[in-house]
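Residue-level listing of the chains:
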Amino acid sequence: MLSGGYMGRLLSVDLSEQRVEELPLPSEEILRAYYGGAGLGVRLLYDDPGPHVDPLGPENVLLFLTGPLTGTRVPLSGRHAVCARSPLTGVWGESDIGGTFGTALKRAGYDGVIVRGAAEKPVYLWITEDGAEIRDAGHLWGRDYYETDELLRAETHPKAVTHGIGQAGERLCRIAAVMSDGRDGRAAGRTGLGAVMGSKRLKALVAYGTRQIPVADPEALAASIKARGTGIRGKMENYTLFGSAGGVEANARLADMPAHNWTVGDWTAHAPKISGQRMAETILIGRYYCGACIVGCGRRVRVVDSPWGNVDGGGPEYEAMAGLGSMVGVDDLYAVARANELCNRYGIDVISCGGVMGFAIEAFEKGLLTAADTGGLELRWSDPNVLLTLVELIGRREGIGALLGEGVKRAAERIGGVAAEFALEVKGLELPYHDPRALSSLAVSYATMPRGACHRGNTHGLERYGVPELGYPEPLPRHATTGKGVAVARMQDYQGLFNALKLCQFMTPAIAISDIVRWLNAVTGWDVTLPELLTAGERMNNLKRMYNVRLGLSRKDDALPARVLMEAFTEGGSAGYLPDFVAMLNEYYDYRGWTRDGIPTGGRLRALGLDREIADLPPAYREREPLPRAVPWESGAAAAS
Amino acid sequence: MAVTLLLREPAASRVGASALTLPVPTEGTLLALLAELAARYPRLGSLDDLLAKYEPFINDVHVEPGDVVRAPVRDGDTVLLLSAVSGG
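Chains A and B, in that order, give the protein sequences.
This note's numbering numbers the first residue of the first sequence as 1348 and each following residue consecutively.
This note's numbering numbers the first residue of the second sequence as 329 and each following residue consecutively.
Hints are computed from structural coordinates only; laboratory data are not their basis.
Backbone N, C-alpha and C define an ideal beta-carbon position, used for all residues, glycine too.
A hint or two may mislead.
Where chain A lies over chain B, by a calculated footprint (3+ residues, C-beta under 8 Å) [said to hold, decoys possible]: (1) 344 to 351; (2) 357 to 364; (3) 376 to 387.
Chain A is nowhere near these chain B residues, computed Cβ spacing over 12 Å in every case [to be verified]: (4) A330; (5) S341; (6) R368; (7) Y369; (8) R402; (9) D403; (10) G404; (11) D405; (12) G416.
Let the sequences and hints guide you as you build the complete structure.
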């Protein structure tokens, strides 16, 4: 009997059979090994259905999973995960999202939703304390997400929270997002999971409930939150004031904010025009909070009478400023804000959208795309009209947007020639907007994150601040090589826990790992130790790796685009530097206990309790033992240097 | 023997200026300069706050967090402080 943190039930929905049933959560042993969110998600999907499914077929299983901390008073814990095999990459797919849907789902009495099959006609799922109901969504199909949210709350409950797709997901655009919280515009953007919803004709999930999330030791939880709470708010003040876009100008000066499809190293003259500070001076009208948040990085903006169109809702975060701004050379805040709203309405991942648009403009510049391909649109840098037109076309999957909505890897393959040379992706996922030439850890992190090029390993955090309990009391030099492979592995495992417990990673520099241990134990009643917690993080990452290994992935797939490895900037804050990728990757594999082929050894899997998965390794790796290593949280050893 | 400080938000509002001049500290380091800044303008918070919330640049060259202690500041230098937001 679980004493806290979990509601104890999952909703299982078969859209082909139009059937809804309640399932008990997996055993406490499984929960303590994977917690929830994307951690529990990979445990469930690894076995059922496994990776060998058509991502857009009814056999793909789509998960919406909260964590044990979701909905509690733990700061910045109102999050959940969406998981499935990705239609964009074909490998492990997960996307982490804030907002309040996770909290609403738990208050309705469920820790998660498992969606199987595909409906014949559009439907949505209405989830309350009385159960769940599959409802017709014919009147919503074809509408954007903002409209959908308003209609659904009007016909269900005014305080219900919606989690759904716009036209991009309906039309199986492979860079489609799953949106949440209406105009507050939170997104599970990455890996195209909005298209999985579209393939199932599932327009939205809507949740409302009033149940309390059980907490094993409320007094201990209150005391630990009180001890840390004010410090979090103070340390994260810049997020409150300016949102994540508050770092735009500094990032641009480090050449960390990619511009013109990763070709321009000095965009510092433009960056202040689309910074969070500029937004605060102009279009900001308020801020919004995810569940249990005390920071409020969400930007509520309003633009009227702009030549680019009105905006009323969520404003651009850092990744949107880069993807819809610097990547295409646009420094008009009003245009970027409008493009961001269009992405929210259509349900498009702003990161992948920026990636394919920057790629398309460069392809046009090189003559690989012409006006005949674009319906007459001249694709040029720094043109807000190009930006807004491309977003519209991608969202509607029309014209050149149909090609670009396939993602940059497929688009480059279809264009052919040298197009792949400037299609920046890893495993088919467009690079997010921090540059490995500015922060070297990102080279190996982008290459090895389970879902493809992903910044949620937050390894670049270790190049800005220390994490003492991982063995790094001070930050690492941003252009160093030695030690970065180890640091990346440790940080990926630590940060993966945020996506299992469901905590906001922005909080990382404001807390200690031991805070998480205290919160988790107070909520669940467990006696988890710090080494146990970090081992769980490593276990989850290894299981995601094994999901991909079963699909045939290995070192050959841990590859970075040549541009960030071979084309040094000649100007800006990282001029002349290229990351030593091979050295860092080898160090990373050695530390992980994987072979230099990028395959986990049987010995490492065994040490992590993944004995059953050893049989999924190619035979030559099953008896291999990992290299010896020391970790500071077990032995007190110093961090590898 | 002075250093020019260029400030962006939120530092500029708290100091009441987007540029100011401070004498080169006796220790001749960026850390000492920031300590002096924090002492003169308490609304900026403590020295630790400054180190956590701002990215410093000397003459347009970024100073890594681990180098702040020994990074030299000299007469005529320009130090830029930008708000640090590591995530996103």
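Going down the list of hints, with the structure as the test:
no.: 1; hint: 344 to 351; in the structure: violated (count 0)
no.: 2; hint: 357 to 364; in the structure: violated (count 0)
no.: 3; hint: 376 to 387; in the structure: holds (count 5)
no.: 4; hint: A330; in the structure: 23 Å, holds
no.: 5; hint: S341; in the structure: 10 Å, violated
no.: 6; hint: R368; in the structure: 20 Å, holds
no.: 7; hint: Y369; in the structure: 16 Å, holds
no.: 8; hint: R402; in the structure: 21 Å, holds
no.: 9; hint: D403; in the structure: 23 Å, holds
no.: 10; hint: G404; in the structure: 20 Å, holds
no.: 11; hint: D405; in the structure: 16 Å, holds
no.: 12; hint: G416; in the structure: 3 Å, violated
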